[in-house]
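> Read off the chains here:
Number of protein chains: 2
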Amino acid sequence: MGEVIARLAMSLDGYVAGPESGREHPLGIGGERLHSWVYGLRTFRQMQGMTGGETGPDDALIAEHVARPGAVVMGHGMFITGEIPWGDEPPFHAPVFVVTHHPREPLVREGGTTFHFVTEGPERALELARAAAGDKDVSLAGGADLVQQFIRNGWLDELLLHVVPVLACGGRRLFDNLGGLGDPDSPRDSGHRHIEWEKTLVLDSPGVTHIRLRAPHTVSAE
Amino acid sequence: MGEVIARLAMSLDGYVAGPESGREHPLGIGGERLHSWVYGLRTFRQMQGMTGGETGPDDALIAEHVARPGAVVMGHGMFITGEIPWGDEPPFHAPVFVVTHHPREPLVREGGTTFHFVTEGPERALELARAAAGDKDVSLAGGADLVQQFIRNGWLDELLLHVVPVLACGGRRLFDNLGGLGDPDSPRDSGHRHIEWEKTLVLDSPGVTHIRLRAPHTVSAE
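So the sequences go chain by chain: A and B.
Okay, so the first sequence: first residue is 1 according to our numbering, each after it adds one.
Okay, so the second sequence: first residue is 1001 according to our numbering, each after it adds one.
No lab work stands behind these hints, which were simulated from the structure alone.
Errors might be hidden in some of the hints.
[Stated by the list, open to error] Among the chain A residues that face chain B by a calculated CB cut under 8 Å, a handful are: (1) Gly-14; (2) Arg-33; (3) His-194; (4) Ile-195.
Quick caveat: nothing in here was measured; it's all calculated off a predicted structure.
The beta carbon of each residue, even a glycine, is placed where N, CA and C say it ideally should be.
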């Protein structure tokens, strides 16, 4: 069975989207700044159906990451903000399982992306994605709420953070609502735990610092 | 005139202290975890009046940083939680200007540390610290509230972050309350700005990733 992996661009102050993210501003106001380092890379351009672009360590890291998933899990909020900008050929090129409360027939797009709408919760979406991915990995695309849910439940195996040296000063935080982890019957579970990660790679570039982390396990903090 | 510098250990999710920080838990519950990488280093041990300890890149970075300040600015909360644990010879070895609402005679400790209590606000504390430091730098010791105030006012020249690969899941965030920067009469100042930093150094060690940042300047995000 493959692993569950995610990659997210994050400001120094922990935001993955600017304020007022939604249909009008898919990345939130100013949120494009978090991704400016990636737009020129060859792998990113290829995913958007474009040619050319820069190669080098940043591109190699992204290429390695995006080759791994055989299926994608995504939150409803990310789907509704992305549906229009992604256009006819979304950059996933794999089945995408959208966690939603709204039943809908699968949406088949070009380039191998089909959106499946799963109304039985994130665990069921993950189960379906694992089955679709086979031996390959499952990519957790976001948004932040769903990533938090995966972290709380211990479902995420690897996280590749792209830390951008800017303070967004507002928007959607990646790491939030993580208190009260673990056994809900334990009196220790009042937010006084922390989650240790294994840092497996740090790759620094002028505009971004990549930090790859493995398999969190929860530790009591007292 | 010297610069204003700060160094802070921060969890991946942005916390510089665990929950319930105060006299009982100076670093917050579990907050020691953020500093475990530093306790064994020679420079840190020297500051505490101890001998021995590890040398190497981490230690060299800390040694370079702690040699710079000629005076320190500190918030009242940090002073009251630190006063007892720091003991007779606090690790500052320089005049410390505490921003507080409570007037008090200067408190002279051993090893060159004298705490001065400044009731005229942080700008006045910084002015006094600059005068005391002469050509040397001023160290901003914390806590988070005071660092935020310095960032909002553009008083901080350099920030050395020690990013520890753990999710604290609660406590005191370093980067918070930074919305609404700049001219308060401008309708743009509703949190939709970001602050660009220049990343001048990334040094990775097994237990910590050091990121040094220079002189933020504010950019409109739209």
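> Now look at each hint and say whether the structure bears it out.
Results for each hint:
For A/Gly-14, the interface hint holds, the least distance from its beta-carbon to any beta-carbon of chain B being 5 Å, beneath 8 Å. Nearest Cβ of chain B to the Cβ of A/Arg-33: about 6 Å, under the 8 Å cut. The hint holds. With a cut of 8 Å, the hint placing A/His-194 at the interface with chain B holds, because the nearest CB-to-CB distance is about 5 Å. Hint status for A/Ile-195 relative to chain B: holds, with the closest Cβ pair at about 4 Å, below 8 Å.
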